[in-house]
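Each chain, written out:
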Amino acid sequence: MADGTSVPVGVMTSGAAARPRGSMKQFAQRRSTIAFCLCLPLILLVAGFVVYPALYAIYLSMLNKKMTAFVGLSNFAFLLKRHTFQLVIFQSCLFAITAVVFKALIGFILAHLMHNIPGKNQRIWRGLLLVPWVIPLALSTLTWWWMFDPSYSALNWVLERLGFDGVPWLGVGWIARFCTITVNVWYGTPFFMIMYLAALKSVPEQLYEAAAIDGAGSIQKLFFVTIPMMRNIIAITVLFSLIVTFADFDIVRILTSGGPEDMTHVFATYAFQVGIQSGDIPLGASDSLFMFPILAFAAFFVLRGVTRRSKEIAA
Amino acid sequence: MSATTFDGADTRPISHRHSLHRQRVWALWGSYTALGVFVVLFLVPPFYMLMTSLKSSAEISAQKGNPWIVHHPTLANFWYLITYPNFQTYYLNTVIVTVLTVVLSMTIAILAAFSLARMGFWGSQTLATGVFLTYLIPASLLFLPLFRVVGFIGLINSYWCLVLLYPTLAVPFCTWIMIGYFSSIPKELDEAALIDGAGYLQMLFRIFIPVAMPGIIAATIFAFTISWGAFLYPLAYLYTSNQMVLTVGIVSDLIRGDVFEWGKIMAANVLASLPPILIYAFLMDYYVAGLTAGATKG
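If you're matching them up, the sequences are chains L and P in order.
The working numbering numbers the first residue of the first sequence as -8 and each following residue consecutively.
The working numbering numbers the first residue of the second sequence as 195 and each following residue consecutively.
A hint or two may mislead.
To be verified - Derived pair list, reagent style DMTMM-like, types lysine to aspartate or glutamate, alpha-carbon separation capped at 20 Å:
1) P:LYS258 with L:GLU196
2) P:LYS258 with P:ASP479
3) L:LYS212 with L:GLU200
4) L:LYS111 with L:GLU196
5) L:LYS72 with L:GLU252
6) L:LYS212 with L:GLU196
7) L:LYS16 with P:GLU385
8) L:LYS57 with L:ASP271
9) L:LYS56 with L:ASP271
10) L:LYS72 with L:GLU196
11) L:LYS111 with P:GLU455
12) L:LYS192 with P:ASP479
13) P:LYS258 with L:ASP156
14) L:LYS72 with L:ASP271
15) P:LYS258 with L:GLU151
If you're looking for bench data, these hints aren't it; they were derived computationally from the structure.
On a predicted model such as this, the values are computed, not experimentally measured, just so you know.
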């Protein structure tokens, strides 16, 4: 494909002497044709396995269970009336927002602590703190499940040694919700830490010196120098994490499969249960489409950040 | 240092230097202590994973003594898994899928990034932004329609469908990393190459790929991580053990009904987590640099 187009430019420039204007145009045309061909695999991949399925999901969501008749929006109406689905909406938002807030806070604290210690020691500490993020999520969630196990719980062993009662970790709705969020925070915090650490390092030291001369304390420096300088990166990291957390599947699926009493189901796990396990693909598709408005809301903000950066690249 | 305060400076001018120094030392040791607490908290699950993997089934079910340490370490679980044909299949399948995914994703991403960063065509700016926006359509929204698409292609219950689908998860971000690295290469370099009569592909292979090697390593690690640990697509599309990959294989094969062989499950976890941990141990710096390079520029 691309091999045929990689004719050395020298061949074309030999003709340029005769018709400089025309061949310049030809050169530009040829250049953009090659450019398009190089992008073609990407375009095909995205069109075939992202854009088309996304549009197909909208179509599927308007069919009945056997996919024989067009039923309009009644799948959405049916879902909204179901108590289980109302729980799904609530838990998805609770899960995503709480987890992202805690990840951002702990990540911020960790980045500051890391920034305090000398540079040569940072590598080993960063490596240790990145471990949760390196282990495949499905596998580490299995380990958490084992720690929460009702009869063998190692966490309860610790609690009992400290004089507390054992906790039925995954057996009671709100505790199970807390557990899913904990696992997500444990997994996602390292990402925030390295992003914030990079942002902290990019804040010029002179700003702190100037603030110190003006008599700023450490709290003032934090709120008037550090946070404004990091605002962009905080926004982008939070929004991306929000998208990923909102669409999370692995943790809830492995830890609780949505139980107890459907209290921990999120959009993804509920779509899996309805669509794959119960075989009602249209209903599952309409369930997962509920994610889209919320993600599109996030998209608006991400897009603003991204275009700002694209302009910088172009400049 | 942002953690140091200057509060004592006015009241005790003589001890100024001394107290500043002392505060700095305190801040340093405070940071180390706090980081130590976080490291311990973060490493609890991996530690417990390792401990359980070294226990025999009898020791686990006996429930005597401290569950956090292993009293009679044994490698029986690891030996069982290494000689267990299904587990060998999962491992092999995962390696095949991951290698193919990485090669495919990187080829697509490098070609596209070169074109988008340097050559450009009508609508290439829109495409660059659009590629990034695919992250707003997550896998958990696409897996149901893709179930029909994969069924239509005839790849249900075949790990080849993963080779087709995983690149959609990896390519957008890889392209983005590569655009960033390619854009940072000075334009004079490719102008010189053009004058010397190099074609675009020669330019890509002789100049861009060698110069942007750190970015390529970062993007490769990203693609590797994605395809090694993905869970939703294999869980939805694979159902016989000869096609399964590690994540799904461990969850569905080693957990049979209500019988949990936790020692074996944890040993499988350890074996499956080793390749990512090793790769990060050696190449973490590249990855962190690649990941944060884009963000700090914005």
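Status of the hints after comparison with the structure:
1. P:LYS258 with L:GLU196: violated (55 Å)
2. P:LYS258 with P:ASP479: Roughly 43 Å separates the two Cα atoms, so the pair is violated.
3. L:LYS212 with L:GLU200: Measuring from Cα to Cα gives roughly 10 Å; hence the hint holds.
4. L:LYS111 with L:GLU196: holds (18 Å)
5. L:LYS72 with L:GLU252: Between L:LYS72 and L:GLU252 the Cα gap is close to 17 Å, so the pair holds against 20 Å.
6. L:LYS212 with L:GLU196: holds (12 Å)
7. L:LYS16 with P:GLU385: holds (18 Å)
8. L:LYS57 with L:ASP271: With a Cα-Cα distance of about 8 Å, the restraint between L:LYS57 and L:ASP271 holds, given a limit of 20 Å.
9. L:LYS56 with L:ASP271: holds (5 Å)
10. L:LYS72 with L:GLU196: violated (56 Å)
11. L:LYS111 with P:GLU455: With a Cα-Cα distance of about 43 Å, the restraint between L:LYS111 and P:GLU455 is violated, given a limit of 20 Å.
12. L:LYS192 with P:ASP479: holds (15 Å)
13. P:LYS258 with L:ASP156: holds (18 Å)
14. L:LYS72 with L:ASP271: Holds: L:LYS72 and L:ASP271 sit about 17 Å apart, inside 20 Å.
15. P:LYS258 with L:GLU151: The hint holds at about 14 Å.
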